[in-house]
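S.K.: Sequence:
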Amino acid sequence: MSSDLFFIGIDGGGTKCRARLEDVDGNVLGEGVSGPANIMRDSDLAKASIVDAINIAISNAGNANTFEQISLSQCVVGAGLAGANIESAKQQFEQWQHPFHSLHVLSDLHAACVGAHNGNPGAAIIIGTGSSGTMWQDESFQDVGGHGFPIGDKASGAWLGLKAVQHTLLCLDELEEKDELAAEVCNALQSSCTQEIVAKCAEFNTHHYAALVERMLPLLYTKQNKVTALFEEGAVYIARMAKRLLANHNHCLAMIGGLSNVYSAYFSESIKARLVPCKATPQQGAIYHAKAAFNHKEGEK
1 MSSDLFFIGI
11 DGGGTKCRAR
21 LEDVDGNVLG
31 EGVSGPANIM
41 RDSDLAKASI
51 VDAINIAISN
61 AGNANTFEQI
71 SLSQCVVGAG
81 LAGANIESAK
91 QQFEQWQHPF
101 HSLHVLSDLH
111 AACVGAHNGN
121 PGAAIIIGTG
131 SSGTMWQDES
141 FQDVGGHGFP
151 IGDKASGAWL
161 GLKAVQHTLL
171 CLDELEEKDE
181 LAAEVCNALQ
191 SSCTQEIVAK
201 CAEFNTHHYA
211 ALVERMLPLL
221 YTKQNKVTAL
231 FEEGAVYIAR
241 MAKRLLANHN
251 HCLAMIGGLS
261 NVYSAYFSES
271 IKARLVPCKA
281 TPQQGAIYHA
291 KAAFNHKEGE
301 K
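Residue numbers (full-length UniProt numbering): 1 to 301.
Hints are computed from structural coordinates only; laboratory data are not their basis. Take the hints with a grain of salt, since some may be wrong.
[Unchecked claim] Derived lysine to any residue pairs resembling SDA-like cross-links, with alpha carbons at most 20 Å apart:
#, residue 1, residue 2
1, Lys-279, Leu-72
2, Lys-291, Leu-72
3, Lys-90, Asp-44
4, Lys-291, Asp-44
5, Lys-16, Arg-274
[To be verified] Okay, the calculated beta carbon distance ranges per label pair:
#, residue 1, residue 2, range
6, Pro-121, Gln-69, 35 to 45 Å
7, Leu-72, Lys-223, 42 to 52 Å
8, Arg-244, Tyr-221, 20 to 30 Å
Beta carbons: idealized from backbone N, C-alpha and C, even for Gly.
Could you put together the complete structure from these sequences and hints?
M.R.: Written as structure tokens, this is what we have:
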């Protein structure tokens, strides 16, 4: 393998895009973070976020003089992207005339699962801005959920934020009793006018709703009734997903994402007994995929 090549692993979600830059020997050279990279919701924004995150990673590697001249055309990119589980979105994205040496796309969920278990069989649930689960065994993935917001992604940050806004509108219409959650949402949106809130939310994407979760977590820890009920509803869904993924085999489950620790606390002892920490990051899982795809293509020459 040419020493002039570099490998990039992308973890592109509904809120952030993370890039990891490695040399051919697997040494990490730099990392970068940029904006959302969900190819179902905004393919052009995802492309811009990917390039931005990679350029930041390269510029961080540039702190060492040896790596100052890395170009995008030297980069073999493995991109784990939200929305890539939808085949039509993946196929359209792969038409991109990208500036890289090569681009190998998989879903963010699959990249996370590969990284979590170092390519070995196992299950993974991502619960952050969105929610989805998968099981990797017999050289194939079996997915659960991941249908996208708002029709799917139950228990996710986006789902929780949307539920909080809906509750707030009911409170402002005096159809439910005003409470601390409604007050927090009004503060976050800087309005207690239903028309203004509706107008603001018309421009919202998943990460806007998910941003409200940081207002909800303190209320969860003080056992505010509505927030507690929402998280309990979400926990039931994630537990059902975990049971589905762990059925009929003895492999383990990795929980990934900003809400993973919150929901793991609700699991039964039998599920908790099969939880394992991630062995590697989603970015490393994407690099694993990129190297496998690259080596396979090279072997065909």
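S.K.: When the hints from earlier in the document are held up against this structure, which numbers fail?
M.R.: Structure breaks hints 1, 4 and 5.
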